[in-house]
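*Asks:* Sequence:
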Amino acid sequence: MKILELSTLTPAIEQDLHNLISKCDGYEPFFEESSTKPVDQCSNSSTADTTDTSASCSSSSSTVYIASYDEMTHEMTGFLSWLITESATSTDKSTDPTTSMVTAEVTALVDPAFRRLGIFTELFTVAKQILLCLGVNQILCALPDSIANSSLNHGYIYKEALMQLNTKTLRSIAATNESTFNINPSDTFEYYYSDDELEYLMYEDDGEEPIAVLNLDYQESFTNIYGVYVDESLRGHGIGSLLMNHLIMDYASICDLPLVLQVSSLNKAAVSLYKKCGFTEVSHISYYSLI
6 MKILELSTLT PAIEQDLHNL ISKCDGYEPF FEESSTKPVD QCSNSSTADT TDTSASCSSS
66 SSTVYIASYD EMTHEMTGFL SWLITESATS TDKSTDPTTS MVTAEVTALV DPAFRRLGIF
126 TELFTVAKQI LLCLGVNQIL CALPDSIANS SLNHGYIYKE ALMQLNTKTL RSIAATNEST
186 FNINPSDTFE YYYSDDELEY LMYEDDGEEP IAVLNLDYQE SFTNIYGVYV DESLRGHGIG
246 SLLMNHLIMD YASICDLPLV LQVSSLNKAA VSLYKKCGFT EVSHISYYSL I
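The sequence shown runs 6 to 296 under our numbering.
These are calculated hints, taken from the structure and not from any lab test.
Just so it is clear, the structure is predicted and the values come from calculations on it, not from any experiment.
The beta-carbon is built from N, C-alpha and C at its ideal position, and this holds for glycine as well.
Wrong hints could be hidden among the right ones.
Below, in silico cross-link-like pairs of lysine-lysine (BS3-like), each with a Cα-Cα straight-line distance of 30 Å or less [what the hints assert, rightly or not]:
id	residue 1	residue 2
1	K173	K28
2	K7	K28
3	K173	K273
4	K7	K164
5	K28	K164
6	K173	K281
7	K173	K133
8	K164	K280
9	K280	K173
10	K273	K164
Simulated DEER-style distance windows between Cβ atoms [claimed, not checked]:
id	residue 1	residue 2	range
11	D236	H23	39 to 49 Å
12	T112	E195	37 to 47 Å
13	A118	I290	23 to 33 Å
14	G140	Y223	33 to 43 Å
Can you build the whole structure from these sequences, using the hints too?
*Replies:* Pasting the structure below:
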C-alpha cells in the first residue's frame with residue numbers, strides 16, 4: 006500500500022476520490038475542489054514511518070489530506086482529511102476550563118473491498134503525527150455505532166442531532182406558543198423576512214439593527230434553519246424563544262414543508278430552546294475522541 010500526504014488535490018487525484026466516494030454510498034469527506042497549484046507530496050512510500058515524527062512536523066503545515074493507493078491496481082483505497090478549529094474551552098471536563106482547545110475533526114472513507122485491513126489505522130497514524138505537530142490537542146471523528154468499540158475510540162464527546170418540526174404541528178404551535186413567554190412581543194419587538202425570505206429578523210421597536218436573526222434554506226422536501234444569532238447583550242432573556250416562535254407562526258402561513266435544524270448536544274441552551282418550540286430529534290451523529 007502506498008500512502009500519500011497531500012496539500013491539495015490534482016484533477017487526477019480528485020477523480021480517484023470521486024471514484025472512491027461512489028463505492029462508499031456517496032459519503033463525502035472534507036475536501037476542496039482541485040486547483041492548478043502543484044501537489045505537495047510529503048510522503049510517497051509503501052510504508053509510512055509511524056515512530057519518527059520529525060519529517061511530518063517539518064511539512065505538516067501544508068498537508069491536509071492523506072490517501073492510500075493499492076500498488077497493484079493503482080486505485081485509491083482510502084482517504085482521510087480534517088478541519089481544525091479553536092475554541093476557548095475544552096469539551097473534556099477533566100481539563101482546565103480556561104485551556105484553549107485546538108480541535109481537528111477527521112473524516113475518512115475506505116473502499117469496502119479493502120476494509121478490515123488496517124487502512125484507516127494507517128491513515129490515521131500518519132494524520133495524528135501531523136495534527137499533534139500543529140498543536141491539535143483534541144481529534145474527533147464521527148463513528149457509526151457498529152465501530153464505536155474500535156480500539157481507536159478514546160471516548161464519546163458529543164452528538165450532532167437533526168431536529169424536526171413536522172408540518173402537522175406547525176399551526177397548533179403557532180396558535181399557542183406566544184402566551185407561554187413572560188415578554189409580550191407585540192409591545193417591543195418587530196419581526197420581518199428579508200426581501201428574498203432567506204433571513205428572518207427581529208428588531209426592537211424603532212431599532213435600526215436587528216437584535217436576532219436566523220437563516221432559511223428552502224429544499225424540495227424541507228426547510229433548513231441555520232445561523233441562529235441573538236445579540237450577546239440580550240441573551241438569557243427569552244429573545245431566541247420569541248424569534249423561533251414568531252418564525253414558526255409566520256412560516257406556517259407561507260410554507261407547508263417541515264422545518265429542520267442541526268444542533269450540538271454541547272449547546273444545551275439551544276437544545277432546550279428547540280425542544281421548547283416543538284422540535285424533536287429524528288437522527289444524530291455521535292462524535293468520539295481518537296486521542
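*Asks:* When the structure is checked against the list of hints, which entries are broken? Sort them ascending.
*Replies:* Structure breaks hints 1, 4 and 7.
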